[in-house]
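Peer 1: Chain residues, written in single-letter form:
There are 2 protein chains.
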Amino acid sequence: MTLRPLQRYLPVLDWGRGYGRSALTSDLIAAAIVTIMLIPQSLAYALLAGLPPETGLYASIAPIVLYAVFGTSRALAVGPVAVVSLMTAAAIGDVAEAGTAGYAAAALTLAALSGGMLLLMGVFRLGFLANFLSHPVIAGFITASGVLIAASQLRHILGIEAHGHTLPEILLSLAAHLPQANLATLAIGVAATGFLFWVRKGLKPLLRSLGLGPRLADIAARAGPVAAVAATTAAVWLGGLDASGVAIVGEVPQALPPLTVPAATPELIRALAIPALLISVIGFVESISVAQTLAAKKRQRIDPDQELIGLGAANLGAALTGGFPVTGGFSRSVVNYDAGAETPAAGAFTAAGLAIAALALTPLIHYLPKATLAATIIVAVLSLVDFSILRRAWGYSKADFSAVAATILLTLGFGVEAGVSAGVILSVALFLYKTSRPHIAEVGLVPGTQHFRNINRHKVLTDPGLLTIRIDESLYFANARYLEDFLLDRIVADPALRDVVLMCSAVNEIDMSALESLEAINARLADMGLTLHLSEVKGPVMDRLQRTHFLDALTGKVFLSQYDAYRRLAGRVRAAE
Amino acid sequence: MTLRPLQRYLPVLDWGRGYGRSALTSDLIAAAIVTIMLIPQSLAYALLAGLPPETGLYASIAPIVLYAVFGTSRALAVGPVAVVSLMTAAAIGDVAEAGTAGYAAAALTLAALSGGMLLLMGVFRLGFLANFLSHPVIAGFITASGVLIAASQLRHILGIEAHGHTLPEILLSLAAHLPQANLATLAIGVAATGFLFWVRKGLKPLLRSLGLGPRLADIAARAGPVAAVAATTAAVWLGGLDASGVAIVGEVPQALPPLTVPAATPELIRALAIPALLISVIGFVESISVAQTLAAKKRQRIDPDQELIGLGAANLGAALTGGFPVTGGFSRSVVNYDAGAETPAAGAFTAAGLAIAALALTPLIHYLPKATLAATIIVAVLSLVDFSILRRAWGYSKADFSAVAATILLTLGFGVEAGVSAGVILSVALFLYKTSRPHIAEVGLVPGTQHFRNINRHKVLTDPGLLTIRIDESLYFANARYLEDFLLDRIVADPALRDVVLMCSAVNEIDMSALESLEAINARLADMGLTLHLSEVKGPVMDRLQRTHFLDALTGKVFLSQYDAYRRLAGRVRAAE
Numbered sequence: 387m388t389l390r391p392l393q394r395y396l397p398v399l400d401w402g403r404g405y406g407r408s409a410l411t412s413d414l415i416a417a418a419i420v421t422i423m424l425i426p427q428s429l430a431y432a433l434l435a436g437l438p439p440e441t442g443l444y445a446s447i448a449p450i451v452l453y454a455v456f457g458t459s460r461a462l463a464v465g466p467v468a469v470v471s472l473m474t475a476a477a478i479g480d481v482a483e484a485g486t487a488g489y490a491a492a493a494l495t496l497a498a499l500s501g502g503m504l505l506l507m508g509v510f511r512l513g514f515l516a517n518f519l520s521h522p523v524i525a526g527f528i529t530a531s532g533v534l535i536a537a538s539q540l541r542h543i544l545g546i547e548a549h550g551h552t553l554p555e556i557l558l559s560l561a562a563h564l565p566q567a568n569l570a571t572l573a574i575g576v577a578a579t580g581f582l583f584w585v586r587k588g589l590k591p592l593l594r595s596l597g598l599g600p601r602l603a604d605i606a607a608r609a610g611p612v613a614a615v616a617a618t619t620a621a622v623w624l625g626g627l628d629a630s631g632v633a634i635v636g637e638v639p640q641a642l643p644p645l646t647v648p649a650a651t652p653e654l655i656r657a658l659a660i661p662a663l664l665i666s667v668i669g670f671v672e673s674i675s676v677a678q679t680l681a682a683k684k685r686q687r688i689d690p691d692q693e694l695i696g697l698g699a700a701n702l703g704a705a706l707t708g709g710f711p712v713t714g715g716f717s718r719s720v721v722n723y724d725a726g727a728e729t730p731a732a733g734a735f736t737a738a739g740l741a742i743a744a745l746a747l748t749p750l751i752h753y754l755p756k757a758t759l760a761a762t763i764i765v766a767v768l769s770l771v772d773f774s775i776l777r778r779a780w781g782y783s784k785a786d787f788s789a790v791a792a793t794i795l796l797t798l799g800f801g802v803e804a805g806v807s808a809g810v811i812l813s814v815a816l817f818l819y820k821t822s823r824p825h826i827a828e829v830g831l832v833p834g835t836q837h838f839r840n841i842n843r844h845k846v847l848t849d850p851g852l853l854t855i856r857i858d859e860s861l862y863f864a865n866a867r868y869l870e871d872f873l874l875d876r877i878v879a880d881p882a883l884r885d886v887v888l889m890c891s892a893v894n895e896i897d898m899s900a901l902e903s904l905e906a907i908n909a910r911l912a913d914m915g916l917t918l919h920l921s922e923v924k925g926p927v928m929d930r931l932q933r934t935h936f937l938d939a940l941t942g943k944v945f946l947s948q949y950d951a952y953r954r955l956a957g958r959v960r961a962a963e
Numbered sequence: 387m388t389l390r391p392l393q394r395y396l397p398v399l400d401w402g403r404g405y406g407r408s409a410l411t412s413d414l415i416a417a418a419i420v421t422i423m424l425i426p427q428s429l430a431y432a433l434l435a436g437l438p439p440e441t442g443l444y445a446s447i448a449p450i451v452l453y454a455v456f457g458t459s460r461a462l463a464v465g466p467v468a469v470v471s472l473m474t475a476a477a478i479g480d481v482a483e484a485g486t487a488g489y490a491a492a493a494l495t496l497a498a499l500s501g502g503m504l505l506l507m508g509v510f511r512l513g514f515l516a517n518f519l520s521h522p523v524i525a526g527f528i529t530a531s532g533v534l535i536a537a538s539q540l541r542h543i544l545g546i547e548a549h550g551h552t553l554p555e556i557l558l559s560l561a562a563h564l565p566q567a568n569l570a571t572l573a574i575g576v577a578a579t580g581f582l583f584w585v586r587k588g589l590k591p592l593l594r595s596l597g598l599g600p601r602l603a604d605i606a607a608r609a610g611p612v613a614a615v616a617a618t619t620a621a622v623w624l625g626g627l628d629a630s631g632v633a634i635v636g637e638v639p640q641a642l643p644p645l646t647v648p649a650a651t652p653e654l655i656r657a658l659a660i661p662a663l664l665i666s667v668i669g670f671v672e673s674i675s676v677a678q679t680l681a682a683k684k685r686q687r688i689d690p691d692q693e694l695i696g697l698g699a700a701n702l703g704a705a706l707t708g709g710f711p712v713t714g715g716f717s718r719s720v721v722n723y724d725a726g727a728e729t730p731a732a733g734a735f736t737a738a739g740l741a742i743a744a745l746a747l748t749p750l751i752h753y754l755p756k757a758t759l760a761a762t763i764i765v766a767v768l769s770l771v772d773f774s775i776l777r778r779a780w781g782y783s784k785a786d787f788s789a790v791a792a793t794i795l796l797t798l799g800f801g802v803e804a805g806v807s808a809g810v811i812l813s814v815a816l817f818l819y820k821t822s823r824p825h826i827a828e829v830g831l832v833p834g835t836q837h838f839r840n841i842n843r844h845k846v847l848t849d850p851g852l853l854t855i856r857i858d859e860s861l862y863f864a865n866a867r868y869l870e871d872f873l874l875d876r877i878v879a880d881p882a883l884r885d886v887v888l889m890c891s892a893v894n895e896i897d898m899s900a901l902e903s904l905e906a907i908n909a910r911l912a913d914m915g916l917t918l919h920l921s922e923v924k925g926p927v928m929d930r931l932q933r934t935h936f937l938d939a940l941t942g943k944v945f946l947s948q949y950d951a952y953r954r955l956a957g958r959v960r961a962a963e
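Here the protein sequences line up with chains A and B, keeping their order. Going by my numbering, the letters in the first sequence line up with residues 387 to 963, in that order. Going by my numbering, the letters in the second sequence line up with residues 387 to 963, in that order.
So here's chain A without its partners, still in its complex pose (with noise of 0.2 Å):
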């Protein structure tokens, strides 16, 4: 990178510059729809974190400002989403009870901690850390979350108190409850689930099929929500509904964001710390990878580590303003794109347009129907369930499907932190696991040829007295062990040998235990009378053994290629035959 520092950490610089009119008209067009889109999200996505509606709206507006200013990505919204907001509930669950003061102030917490661990992770460029979920875990995760998302909301659909972070504490909890259900409040989410399941499958074909173009008819199928909070706050507030029983938003602080200073108790920090780096990494995989995606379709490039920043930076501002954790959002950030944002400028009008909300329109949302908000959520996390992961994993490979299948059993079972720090310490330690045992394979030479491939599945020339062995995998510590019993298991059931050839051709990486191995196979080979040779060594794998005195003690010979070998060691058993 040529940049100079300033702007390397200040991207705003970079695309400021050259801002102009054309450029504003798109921003602020993309900016209306989005502000539009995402006032109720932003007050589900608080109601789904156990938290007041407004700091909904709050962890919307200084985030996407900050980040506008310090990432990367042209057309990312950041703001409150789905998983983060049920992690932020299980995090701040175990140390406040929810509602009261300590609960909010535990949020403000937890999104300095995200935001510091962000910050810290982009200055020292740890962002390939995230590159230790794997796409399986994180699909699994994704699916158990929308599961307990579901679940966890429908207590709102039903007007009753349920509660529990895993899925057999919720479903025993809403059982329990059952008769105490509110029969206006679950009339009003079954209707808002099935218009808002309609809007989106049904609506957009139907709009198109009444001759509006395409885009308008996503917009308007996107608009879905805002109709069923218009229609149902209504309902609510004409037929007197929550007279009888039906919950609703009540009084909202008409005001702009407050400014917070997040507690720092030393218990709170070590309660939440784990939580936070859960948290950090997961909407930072989750931010990213859409980032990338729209950056790909107008060939941008993200900077990952500059990511890291700009969500560092959302997540404190988030902390600063009365807020809790945020990242960026799938479904923001798709329609910010597609209604044409042209940079992050679009995201400081969307902000402009929520803090004139959270002023003026607050009031219009006193009679709103939690039950309207969670049937938002839950047709919102629906669609991201898909256990058809669980297939497509076992066609594929065993060690994958492992590691989805205990990501989503122990995320419906014990929660959202223990399923995603078991989906990454299980595929770690799956893939450890494979690379311990690495494919080896004895070798012959195809006839006619001077390839060399394996004795099992060719039919290939060998010779009494010589074993050739190919190793496929790079040898270090954790299979160094296993070549030297493969070998020696290989070599003591065959008394007639007399030379053992390595094959070096796929093995990138010799580390010093496998040197070491390298040393030990050589000596014993020499206390049984046989003469090991390696073939194929790669350059830079030669450059290090050539350091070492291993090419010293190597009772046989280093050998160019494979075939050079065989022409030499196997003439030499003949020729003593």
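Among these hints, one or two may not hold up.
Put simply, identical chains are the same to the list, so a pair is met inside one copy or across any two.
Keeping only pairs whose Cα atoms sit at most 25 Å apart, straight-line, the calculated BS3-like set for lysine-lysine is [unchecked claim]:
1. K924 / K820
2. K820 / K845
3. K684 / K587
4. K590 / K683
Honestly, the hints are just simulated from the structure, not real lab data.
Could you slot chain B onto chain A? The hints should help.
Peer 2: The following block gives chain B in isolation, referenced to the frame of chain A:
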């Protein structure tokens, strides 16, 4: 393996059938020599573990017999060893006061836990787990342990009290108590240490120059500790030095090993579980290295999983007969082998010899000064200390150096458990880091051949519209995004490109995450108007890809060889120009 199951679990059935007079004679001679060497060594390691001296003898009797029944090595001698005794002291020092009944009871529990874990690992064939201890980590750990052990024994040489499980603790404690040093003890300790060093370095050459055969000279040199024990015991007894403050072994019960039942309270098990696991793994690694070295010399094979069962049985035996954790020791096994032991029966005879010693000889060691035992420990462990591993690792690979340095520093500074755990975690982390950033080369055609080499190292032919990338690593979740980033960065910078080829000759596996990354790369290149091709995909990888929709979605082709790809694609671009 075609053995019947009973013989697999009871190797004694295998070698026992052919046992005859010649093997009996060899085994008896070896047993006599090993017994003489083991008496002072067993007493010394009990002292190191903080236990009464007789427990060292007990820990050598039942375990040897049980290993003879279940183990697969013909020469391995099982009993207390230096590193495991140090780890025992560290582990039970945390749960009980040295010298109390609780301390000895905790040692039994530790041996029982370790035995149970080894047995389970053997039954579930988990011997491969020990491979995750890399050679540099083991070397660093042994060196640092040797320093810790030697430092911890200085208190016996000085005749003072001193405590601690880390080097700073031990040195500070020694310094604080230095004024109380006992001169008579110091004289004995220094004399014994000097004598034993001379025996090790100077006696054997002297005996050889006096005309003694090499084997006899070796055995005489190994009897050095016995001579030191006899001489210093006599000196204390005759000079009445115990009255002037020389600490002696004192009353030792004259009895066979007692039958003991290890305590199994939940708190004790919780406190000792991790130390027991570390002791099991370290002990297993030490033992199997010795066993394999000796077996290879006679073209015998060691079954690592059966070795776990043998060592597990030995440790359970130690727990039931008043001992402490044991493993196969290097020095005693080499003596056993050199003295001509042919079968595990030699071990059984050694056990009989030690039982006689426990019954009849313990009154003779009443006046044995602890300083002499400390001297034998110091001389034995200093031969294990080898800081040159640091220099060798530095010269070979910085990753290996980091692992060794961290292991040594943390072992010395924070104790054996912290040291070995940090070493394992760091080496796994470094391996994961390395594979997460694989070597990726842009390649071109070497003129006049069909070979493709790195464009930065060789003069090769390339085509402005064609980019060929060779990845020198299997593709898996941790490096999937790295490839994506590398490719997209490279492509965004070069608007002339039309075709991209991934050359997969060193890709031994593509996991599901990497498959999804390839799908994303394919889709993003398509968004940019570029075509993606693969070349030289290995058979098993291709089989797996064919079970997916990837090959249908691939915008380009899969070429059997990179040369085919170049011929077709470079031509296509030229034709289009």
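Peer 1: A separate judgement is required for each hint: does it hold in the structure or not?
Peer 2: Hints, one by one, checked against the model:
no.	hint	in the structure
1	K924 / K820	both (23 Å within a copy, 17 Å between copies)
2	K820 / K845	neither (28 Å within a copy, 37 Å between copies)
3	K684 / K587	neither (28 Å within a copy, 75 Å between copies)
4	K590 / K683	within (24 Å within a copy, 78 Å between copies)
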